[in-house]
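Here our numbering is used: position 12 in the sequence shown is 420, and no number is missing along the way.
Restricting the straight-line Cα-Cα distance to at most 27 Å, the calculated cross-link-like pairs of lysine-lysine (DSS-like) are:
| hint | residue 1 | residue 2 |
| --- | --- | --- |
| 1 | Lys-410 | Lys-528 |
| 2 | Lys-444 | Lys-494 |
| 3 | Lys-448 | Lys-528 |
| 4 | Lys-419 | Lys-472 |
| 5 | Lys-472 | Lys-410 |
| 6 | Lys-472 | Lys-448 |
| 7 | Lys-410 | Lys-494 |
| 8 | Lys-528 | Lys-472 |
| 9 | Lys-448 | Lys-410 |
| 10 | Lys-494 | Lys-448 |
| 11 | Lys-494 | Lys-528 |
| 12 | Lys-498 | Lys-472 |
| 13 | Lys-498 | Lys-444 |
| 14 | Lys-498 | Lys-448 |
| 15 | Lys-444 | Lys-410 |
| 16 | Lys-419 | Lys-528 |
The set of hints was computed from the structure by calculation and includes no laboratory data.
As the structure is a prediction and not an experimental result, all values here were calculated from the model.
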Amino acid sequence: MKQIVQTGAVKDCFPRFAVRDEIVLTAVQLQDVEPKDEIKVGIEIGWDNSGAWDMGELEILLRKGSPEGEVVEWALESCFSSAFTKIAYKTIGGERSQSYYLTVRSPHGRAVISGPYWLKANVRSGQ
409 MKQIVQTGAV
419 KDCFPRFAVR
429 DEIVLTAVQL
439 QDVEPKDEIK
449 VGIEIGWDNS
459 GAWDMGELEI
469 LLRKGSPEGE
479 VVEWALESCF
489 SSAFTKIAYK
499 TIGGERSQSY
509 YLTVRSPHGR
519 AVISGPYWLK
529 ANVRSGQ
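Generate the whole structure from the sequences, applying the supplied hints.
Okay, here's the thing in structure tokens:
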């Protein structure tokens with residue numbers, strides 16, 4: 409493994425917060441990426457239904473380059489009470505320096521971030 413980077417927050421280390429418009433939860437920066445390197449980015453988010461709806465909904469976006477950059481992974485998750493979502497993204501090579509941003513949104517206010525949330529990235533040498 410050439411590089412392992414993770415950022416985020418453990419459950420109960422921050423006050424729960426409601427989500428509506430798209431916000432950045434966290435980001436990672438990768439350095440010295442070679443053209444054949446394998447990149448894996450893992451997302452974990454603990455969240456709850458806002459309580460105002462029968463079903464909670466959370467859009468999870470992994471953006472590359474900036475908080476408004478290209479969406480390289482997207483998911484729409486639903487839950488009745490609470491959920492722990494895990495998503496994996498894989499790619500090869502690219503720019504020598506890369507950043508990934510974990511953003512979330514819930515346009516109708518149907519989600520509350522309760523934690524934990526993590527963005528974990530690793531780079532493995534390509535053959």
